[in-house]
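Undergrad: Order-wise, the sequence lines are chains S and A.
Numbering-wise, the numbering used here puts 70 at position 70 of the first sequence, and it's gapless, one number per residue.
Numbering-wise, the numbering used here puts 72 at position 72 of the second sequence, and it's gapless, one number per residue.
No lab work stands behind these hints, which were simulated from the structure alone.
A portion of the hints provided could be inaccurate.
[As the list claims (entries may be wrong)] In silico contact screen, one side only, chain A against chain S (beta carbon under 7 Å); selected entries:
#1 G65
#2 H68
#3 R69
#4 N176
#5 N204
#6 R290
#7 K294
#8 Q298
#9 L300
#10 G302
The beta-carbon is built from N, C-alpha and C at its ideal position, and this holds for glycine as well.
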Amino acid sequence: MSRLSSTDTPEETADVAEAAVDNARSDLLTHLAAQLGDGLVESHLAPDDDLWIRVTREAWVDAGDYLKTGLGFQYFNFLSAIDWMPSPFGRDMDSQVDIELGHDEASEIDSSLEHGVTGGETRFQVFARVNDIVNGLGVTLKVDVPDDDLTLASWTGVFAGADWHERECWEMYGISFDGHPGLRHIYLPSGFEGNPLRKDYPLLARRLKPWPGIVDVEQMPGDDDESGDAS
Amino acid sequence: MTAISDREQLAYIAAQAADARVNVELETEGMTLNIGPQHPATHGTLRIVAKLDGEQVIAVDPIMGYMHRGYEKLAEVRTYPQVTTLINRIDWVGSFANEVPFILAAEKLMEVEAPPRAQWIRTILFEMSRIANISLFLGDMGLQVGAVTPAFFAFRDREHVLNQIEAATGGRFHPNFDRIGGLKDDLPAGWITETKRAMKKMRNFCDEIEGLLQGNEIFEARTRGIGVIPADVGLSYGLSGANIRASGVDWDTRRDNPGGLVHNELDWKVWTHVDGDSFARFWVRLQEVRESTKMVDQLLDGLPGGPIMAKVPRIIKVPAGEAYVETENPLGVMGYYVVSKGDLVPYRVKIRSASFNNISITPWLLKGVYVPDIITILGSLYFILGDIDR
């Protein structure tokens, strides 16, 4: 189509982008760094693809507000959280077949925190995404939430749509949001105990009935190096 | 059998009524009306508790979770190819479209690209699921205002598309056809001609719906100027798809960020409407089905040859990293934020489903409307419960 924005034409600029700089996203990062100062902890820029920033807990609302009012990121995409502590059950919820196939070293439980892009210090991270739909840009914001104080300022004042996402996040991870109009259960029944998406919350279905795992690996079209006959 | 006196019977009825009144606050002026969870207008099991003042709604509280299946948790213990089976069931009337963004996210992390033929067939099936999905809406929208005929037409003509999806993938509703690196199979013989015929029938169906509803006095009276969403409110609630385009926002991921699909090689148009009311949402979707049928025709004409599967290992391990991929699904923008730690299974999958954001505007939107308009507004926002509850 004709109306592709100049910053995001995927095919044509993909090769050039290896060497060139993604101007739109690096400009954006400069603006954010200038506005947030120490509030911006770390950033990760994948040229012509995506931008991640990690902000401090104090700068969380300011960052959202500045992106919305100052930089034109009016579109609220989603908000959720990640639990970076590997499951204390290790991989025992996987089937034996999968373990033999995939991860031989995984028998001992690795409980070290290993964060994804933009790093982090705490077990829980809240992340959210906002978009600038005029220029076709998106930013993923992350913030560390310390274990001893699982609270974060609410984004509902900035983006009205954050309401339900924060309710879901509170229910699934136990992170509460200051200033939220009503943190109630959204999916689970109102007396539910526990935070299901935490990694230390066991998946009971797996406990009761072991998963068969990969029982038959489907033959892929063109997959002839294993079996010898082309499909 | 013991006979009950009238007095006992009345007492029994009163007790039953008191039980039923658990959620109802009796006030002198207002009342609370419970709609659902089982209600034809809710496309599944959404319950809406509306506080009324006479005929007007003061506040609305949508209650969901009746169909929450915990796919984000389940995806953490399933291998990447197994996840597609789950996510097929998120938006169950446009299933194939659910698979695409997840597969694209996994491919992005693996740095694998599907061969051109696979990308084209993906786009064909992607658009066909849009037609199958939205044609249901077009019939249903008539049903919301009391017109039953469009619903019959929709179910009759939708079958042509579903038959073609079944012929290609083997699954009418849950194809599970997309693979990391390509597709499961090539198209069967004679499929292209049959699909073109089906597309022609769908264009006729659009004309029929237009003739039945657009310009119909009752339909227009019930939808024009009802449930108006201004663009900035829609954006801050994260509305997407036809719901935001009906508010005049010219934004379509298919055009602006096509990713692994080939929409940018086709000649088509993004339709918008300035009104932002229920009618605009209906109208935009009607045009979208037409555009999709044209797109499928073009895709079938230009279908390149070659393999349908890139070289991928038999056992798929996705390198560590994070990727977010979103596509313009029938219900709106659907995205998957996939965090991998280099295992067979994803570490975390955040499913950004369109309907969850689309329906989160209801407490704002339904404030002040009249009771019968609740139904048409919900119908025009068009959500599938599986897409809210995940």
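Undergrad: Does the closest beta carbon of chain S sit nearer than 7 Å to the beta carbon of A:H68?
TA: This hint holds: A:H68 lies near chain S, its Cβ roughly 4 Å from the closest one there, short of 7 Å.
Undergrad: Regarding the hint that A:L300 lies at the interface with chain S, is the smallest CB-CB distance below 7 Å?
TA: Result: violated, 19 Å to nearest chain S Cβ.
Undergrad: Double-check A:R69 for me: the hint is only fine if its C-beta lies closer than 7 Å to a C-beta in chain S.
TA: violated (10 Å)
Undergrad: Is the shortest C-beta separation between A:N204 and chain S less than 7 Å?
TA: Violated. Min distance 27 Å.
Undergrad: Does the CB of A:G302 sit less than 7 Å away from some CB of chain S?
TA: violated (15 Å)
Undergrad: Have a go at the A:Q298 hint: is there a Cβ in chain S nearer than 7 Å to its own Cβ?
TA: violated (12 Å)
Undergrad: Holds or violated: A:N176 as interface residue toward chain S, Cβ cutoff 7 Å?
TA: violated (11 Å)
Undergrad: Regarding the hint that A:R290 lies at the interface with chain S, is the smallest CB-CB distance below 7 Å?
TA: It is violated, given that the least Cβ distance between A:R290 and chain S is near 17 Å, above 7 Å.
Undergrad: Please verify that hint: A:K294, Cβ, nearest Cβ of chain S, below 7 Å or not.
TA: Given a least distance of 13 Å, the restraint on A:K294 is violated.
Undergrad: If you take the shortest Cβ to Cβ gap from A:G65 to chain S, is it below 7 Å?
TA: Holds - the Cβ of A:G65 comes within 7 Å of chain S, reaching about 4 Å at its closest.
Violation of the numbered hints given earlier is confined to hints 3, 4, 5, 6, 7, 8, 9 and 10; the remaining hints are satisfied by the structure.
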